[in-house]
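Visitor: Sequences and hints are given; from them, build the entire structure.
There are 2 protein chains.
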Amino acid sequence: METSARIVIQQCLAATLRLNPESEVSEAEYAKIKQGMVVFVCFLKGANKELVEKMVKQVLAIKLCEGKDGKLTSITDLPGDLLIIPQACLGGKLKGKSVQYHSIINKTDGSDLYRTFVELCTDSFQQNSAMQEAGCVVKSGVYGNRQVLNMETNGPFTHIVDF
Amino acid sequence: METSARIVIQQCLAATLRLNPESEVSEAEYAKIKQGMVVFVCFLKGANKELVEKMVKQVLAIKLCEGKDGKLTSITDLPGDLLIIPQACLGGKLKGKSVQYHSIINKTDGSDLYRTFVELCTDSFQQNSAMQEAGCVVKSGVYGNRQVLNMETNGPFTHIVDF
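Chains as they are written, first to last, in this note's numbering: chain A, 1 to 163; chain B, 1 to 163.
Quick caveat, the hints were computed from the structure, so don't treat them as lab data. As the structure is a computational prediction, the values presented were derived from the model and not from experiment. There may be inaccurate statements among the hints.
The list treats identical chains as one, so a pair stands whether inside a single copy or across any two.
Taking lysine to any residue pairs in the SDA-like style, the calculated list, with each CA pair at most 25 Å apart, reads [to be verified]:
1) K49 with L94
2) K34 with D69
3) K49 with H102
4) K95 with N48
5) K45 with D162
6) K34 with E152
7) K54 with G96
8) K93 with N48
9) K57 with V99
10) K32 with S98
11) K68 with Q126
12) K63 with T76
13) K63 with Q35
14) K32 with Y143
15) K34 with R146
16) K68 with L51
17) K49 with T76
18) K45 with S129
19) K57 with S129
20) K32 with T116
21) K97 with L60
22) K34 with L19
23) K57 with C89
Guide: And the structure:
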């Protein structure tokens, strides 16, 4: 089966994403999370809303977070924060010394799917009383913007999942 | 062709990897780099030294670093630092809610190939007079240890390359 989407998951103790740079009229804006997962998302040609639903279920259930007892658990059961970062370059393919991006979905559809991904994660967090009590949040980057990220980890524990 | 190795490349303005935690008898040790690339490396079954040579050539030549003029260039031409991090979990495959690691090479061979990878990069840096004049360094993590990483980026610009 052709890959239609790709995510990279890294663990963090804290992460800060700059949403907008400082300008003459405003200060820089940041999205910050505490302990949890940073999820980089890339949609390729063929991705659709059904796939996004499947991806979100997997992301919320995958046991890659280190719990207090050292055992791996899901972000939902940790519970922890989620930072979702659009990262179209994940769909790049090495060609000689350069990378080509022919497989990536067009910007309009990619932006729609990304927004859906973030909304579904946010809904799921809001419907989970344990996560709400713990004050867990979903933060996200801006599709198409440069993603200026600072991350503190206890081991990034990087995983790649293709859909 | 079966994948025998996988790397994830992220750009950084600075990165710090903890090599050893603080203990009763010694302070924590860190590997630090300035602007350059963080390369996560995973060897799968079937990887060998010839493949490592090919991987190193690609890593040093791939144009994924942002030069002063905004154009993409290689780490060699930037020139910049390199932080090489062993990351066996990149070879994991999602199975239900858990990740399985059956494809990963055994620890002895993986450790050997990782050392070769770091040595070849270091040799290449040392043979390049422009990199030497700029004080560029290759730093690396310890195979099998937990990789405690802090990273500051101007956009991680994450790429995955399979070999």
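Visitor: Take the hints in turn and mark each one as holding or not.
Guide: For each hint, the structure was consulted:
| no. | hint | in the structure |
| --- | --- | --- |
| 1 | K49 with L94 | between (28 Å within a copy, 21 Å between copies) |
| 2 | K34 with D69 | within (18 Å within a copy, 35 Å between copies) |
| 3 | K49 with H102 | within (21 Å within a copy, 31 Å between copies) |
| 4 | K95 with N48 | between (27 Å within a copy, 22 Å between copies) |
| 5 | K45 with D162 | both (13 Å within a copy, 20 Å between copies) |
| 6 | K34 with E152 | both (10 Å within a copy, 16 Å between copies) |
| 7 | K54 with G96 | between (34 Å within a copy, 12 Å between copies) |
| 8 | K93 with N48 | both (21 Å within a copy, 22 Å between copies) |
| 9 | K57 with V99 | between (30 Å within a copy, 15 Å between copies) |
| 10 | K32 with S98 | neither (33 Å within a copy, 27 Å between copies) |
| 11 | K68 with Q126 | within (23 Å within a copy, 44 Å between copies) |
| 12 | K63 with T76 | within (9 Å within a copy, 38 Å between copies) |
| 13 | K63 with Q35 | within (15 Å within a copy, 33 Å between copies) |
| 14 | K32 with Y143 | within (17 Å within a copy, 31 Å between copies) |
| 15 | K34 with R146 | both (21 Å within a copy, 20 Å between copies) |
| 16 | K68 with L51 | neither (32 Å within a copy, 39 Å between copies) |
| 17 | K49 with T76 | within (22 Å within a copy, 41 Å between copies) |
| 18 | K45 with S129 | neither (36 Å within a copy, 44 Å between copies) |
| 19 | K57 with S129 | within (17 Å within a copy, 51 Å between copies) |
| 20 | K32 with T116 | within (20 Å within a copy, 38 Å between copies) |
| 21 | K97 with L60 | between (36 Å within a copy, 9 Å between copies) |
| 22 | K34 with L19 | both (17 Å within a copy, 23 Å between copies) |
| 23 | K57 with C89 | both (23 Å within a copy, 21 Å between copies) |
Consistency with the previously given hints fails for numbers 10, 16, 18, ordered from lowest to highest.
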